[in-house]
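Participant: Chain E is fixed; fit chain H onto it per the hints.
In case you want the letters, here they are:
Number of protein chains: 2
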Amino acid sequence: MSPATSELTGPSAGRLEELETPCLVLDAARMEANVARLRARLDGLGASLRPHLKTAKSADVAQRVMTSVSGPATVSTLKEAEQFADAGVRDMIYAVGIAPSKLPRVLELHARGVDLVVVLDTVEQAHAVAAASRDTGLRIPAMLEIDCDGHRSGIPPVAHERLLEVARALVPDAELRGVITHAGESYRGGGVAALQAFAETERAAVVEAAEVLRGAGFPCPVVSVGSTPTAHYATDLTGVTEVRAGVFVFFDLVMAGIGVCRLDDIAMSVLATVIGHQRDKGWIITDGGWMSLSRDRGTARQAVDQGYGLVCDLGGTPYCDLIVADANQEHGIIAVRPGSDAGLPDLAVGDRVRILPNHACATAAQHDAYHVVRGTSSVIEARWPRFGGW
Amino acid sequence: MSPATSELTGPSAGRLEELETPCLVLDAARMEANVARLRARLDGLGASLRPHLKTAKSADVAQRVMTSVSGPATVSTLKEAEQFADAGVRDMIYAVGIAPSKLPRVLELHARGVDLVVVLDTVEQAHAVAAASRDTGLRIPAMLEIDCDGHRSGIPPVAHERLLEVARALVPDAELRGVITHAGESYRGGGVAALQAFAETERAAVVEAAEVLRGAGFPCPVVSVGSTPTAHYATDLTGVTEVRAGVFVFFDLVMAGIGVCRLDDIAMSVLATVIGHQRDKGWIITDGGWMSLSRDRGTARQAVDQGYGLVCDLGGTPYCDLIVADANQEHGIIAVRPGSDAGLPDLAVGDRVRILPNHACATAAQHDAYHVVRGTSSVIEARWPRFGGW
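Going down the list, the protein sequences come from chains E and H.
At position 220 of the first sequence (counting the first as 1) the number is 220 in UniProt numbering, and the numbers step up by one without a gap.
At position 255 of the second sequence (counting the first as 1) the number is 255 in UniProt numbering, and the numbers step up by one without a gap.
Think of the hints as simulated: they come from the structure by calculation, not from any bench.
Errors might be hidden in some of the hints.
From chain E, some residues computed to sit far from chain H (all C-beta separations above 12 Å) [said to hold, decoys possible]: (1) L38; (2) G44; (3) D91; (4) A111; (5) R134; (6) T136; (7) L164; (8) V171; (9) P172; (10) A216; (11) E242; (12) G259; (13) R337.
Computed, partial: chain E to chain H, Cβ under 10 Å [as the list claims (entries may be wrong)]: (14) A95; (15) K102; (16) Q125; (17) G150; (18) H151; (19) G184; (20) Q278; (21) W283; (22) R295; (23) E330; (24) V349; (25) G350; (26) A362; (27) G389.
All figures in this text were calculated on a predicted structure; none of them were measured in a lab.
For glycine and all other residues, C-beta sits at the position ideal for the given N, C-alpha and C.
Pulled out of the complex, with its shape left as it was, chain E reads as follows (with noise of 0.2 Å):
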């Protein structure tokens, strides 16, 4: 792999008590269950795994999690493509509609032996990619897009006609690989008879789609799915060909309050210093604020608000019911959830904590890097790197 990837630290990597705080800590012992586990299921569902790498964005998490060092994989921004292809990937979907003012950038992986995938729902979208497909003489894969449940991009499995007529706008300069489709609202969750019915909606939808498209003569390989509840839920994935998902990866505490994990399958934390108190409001004052939490507040909306993440001890063990109640940039309040009876631990200046991110992919993307232990061992076995940007 490249220069991208792991910093072993060796026997001298110090602990969590050591690190600079904050920092972005992982389990990679929960990691590997989260990965296995989905890798289970979807062998006995007939479905391959095209692992959405928007979380993790590290070469080292993407070697754990793809099924081969070369992908597949999917990917949210094209710096996280070309920071893949120099790692070694070289089987991708860029899975955000394509602007055209990307294609000289799509067009330069390709140049370099990646097969990048597009993906689009728009008829000026598909001119514009084959158009740079004629004029470079490679025909771009791409893949129309399929709204399924009206979360945000995508062509509605029943616009039969709007399908046809971007897959017309394409072929034959450019290359129409299949079907997309991705299960936004699943992430409201809703039991497991909802999330079961999400992922039917899922796969019901792409397949009309890739129907659709056979029928009127186009071809239509790869008929693709993806999020990580309809992952964990689907029953029945007939005429699926891959399921992508991210999050799994890693776990958060949105995916526990929907049942997707349970929270000691969280396998991200971040690792604050206490640096006060204000004894008589029952808070505790750390330095794991939002630029190292992020603002991400998902569990505002569901049953149980974590506020901006759930406190742990250095062992990854949730503390009753205490949460960072409230964060200011590089300050996090910790207090006891409101209604609860439980006590404030005794936890003094300097002592540590970890806390459990709300959403994994906001919490991920404040840090440059993963602190790697194995359990509830404090001893870091590696530093791996992150990236950001676009």
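Facilitator: Showing chain H alone in chain E's frame:
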């Protein structure tokens, strides 16, 4: 200045139309006017400006905001202190309660000739700072944090005995430089009279603490207040020696919402490209998702909820009632504000918009550089690198 400073890009620096998106744009004309406005205000009130550089995180911006190349300045992390020290700043307050484990880095900065002042509000911290001072023979300068409004950290001004107890734990081994407070509650706004009252509460709290310390024989040369709202609404700063403020350099929608600035004072925006539409819903989709805008929804609690940001044309003029109504990681959903009868502008795939942020500190943190323009021109004058981390 250091290698971390400006990469001047010259006449071929390009234009907003040519940048990779999403990216961060800074209008230097607005920034300069914002800085000049606060400097003139404070000159009239007889207090000096110690700008908080936690929003800027850029040596280029710092140069244009500080009153001299060596400071004074305020920082929120030791990373900022180290980066600005590299750029020649010699007079800084690290305005987050000191964790004892961070004292070695504080001492390293002093060894480099930087007068870095730490902040504390507990006897434990004072003992740690005094011990480190004894061990090294350097009297570390420290300020006592005063809690003027119950917002976060600090000793309440009425807790005279607690204040003196911390001072006694610090002196004589370390240096008591003064007292410091931050009117965090002023971000709630509430109109001119409320903002003036927040400013007076802030002033009165810290002046009372200074008098208590002096009355007990302690020195207290520096009396420091600071928040952007109170800095702009204080009418009397008697007894105060310096004012800290940070977001005033850029301003943002939260500050506009509480009346501290106008929309056309906001100097920071995120450039994004249209990547699609959901025309039946009145949505325009861009590549400016929450990764580029941040998850900050600070205006959600204000009279006018600006979603994830207010949408402007390429020249920086807001469209009528057009906001980023929702955001995914790399997708922004632009729509007309609920309840408005404004029309959706005719923006095609590939067109570009600029999005004013809810909270400049959070949005800037998502980016590694400012692309500097001036007024309505789309010519890029310079690219100023930013840093992050701790």
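Participant: All the hints need checking, so say for each whether the structure fits it.
Facilitator: Consistency of the hints with the structure:
At roughly 20 Å from the closest C-beta of chain H, the C-beta of L38(E) stays outside 12 Å, upholding its exclusion from the interface. Residue placement check: G44(E) keeps its beta carbon more than 12 Å from all beta carbons of chain H (closest about 29 Å). Chain H leaves D91(E) outside its interface by the beta-carbon criterion, the shortest separation being 20 Å against a cut-off of 12 Å. For A111(E), the shortest C-beta to C-beta distance to chain H comes to about 18 Å, beyond the 12 Å cut-off, and the non-interface label holds.
Distance check on R134(E): its Cβ is at least 18 Å (rounded) from any Cβ of chain H, clearing the 12 Å threshold; non-interface status holds. No beta-carbon of chain H is positioned within 12 Å of the beta-carbon of T136(E); the least distance is around 19 Å. Separation of L164(E) from chain H is adequate, the least Cβ-Cβ distance of about 18 Å exceeding the 12 Å criterion. The Cβ of V171(E) sits about 19 Å from the closest Cβ of chain H, beyond the 12 Å cut-off, so the non-interface label holds.
No Cβ of chain H approaches the Cβ of P172(E) within 12 Å, the least distance being about 22 Å, so the stated non-interface status holds. The non-interface label for A216(E) is consistent with chain H: the shortest C-beta to C-beta separation is roughly 22 Å, beyond 12 Å. Once the 12 Å rule is applied to beta carbons, E242(E) is consistent with being away from chain H; the minimum gap is 20 Å. For G259(E), the shortest C-beta to C-beta distance to chain H comes to about 21 Å, beyond the 12 Å cut-off, and the non-interface label holds.
For R337(E), the non-interface assignment is confirmed: its Cβ lies about 19 Å from the closest Cβ of chain H, beyond the 12 Å cut-off. Satisfaction of the interface hint for A95(E) is found here, the shortest Cβ-Cβ separation to chain H being roughly 9 Å, below the 10 Å cut-off. Nearest Cβ of chain H to the Cβ of K102(E): about 8 Å, under the 10 Å cut. The hint holds. A least Cβ separation of about 6 Å between Q125(E) and chain H falls short of the 10 Å threshold, and the interface hint therefore holds.
At about 8 Å, the closest approach between the beta carbon of G150(E) and any beta carbon in chain H falls short of 10 Å, and the interface hint on this residue holds. Below 10 Å, beta-carbon pairs count as interface contacts, and H151(E) has one with chain H at about 8 Å; its hint therefore holds. Nearest Cβ of chain H to the Cβ of G184(E): about 7 Å, under the 10 Å cut. The hint holds. Annotation: Q278(E) was flagged as interfacial toward chain H, and the flag holds, the nearest CB pair being 7 Å apart, inside 10 Å.
Because the closest C-beta pair between W283(E) and chain H is about 9 Å apart, less than 10 Å, the hint holds. The closest approach between the C-beta of R295(E) and any C-beta of chain H is roughly 4 Å, which is under the 10 Å cut-off, so the hint is satisfied. The closest approach between the C-beta of E330(E) and any C-beta of chain H is roughly 5 Å, which is under the 10 Å cut-off, so the hint is satisfied. Look at V349(E): its Cβ gets to within about 4 Å of chain H, closer than 10 Å, so that hint holds up.
The interface hint given for G350(E) holds, since its Cβ lies 5 Å from the closest Cβ of chain H, which is under the 10 Å cut-off. The beta carbon of A362(E) is positioned within 10 Å of a beta carbon in chain H (closest approach about 5 Å), and the interface hint is therefore held. The closest approach between the C-beta of G389(E) and any C-beta of chain H is roughly 6 Å, which is under the 10 Å cut-off, so the hint is satisfied.
In terms of the numbered hints stated before, the structure departs from none.
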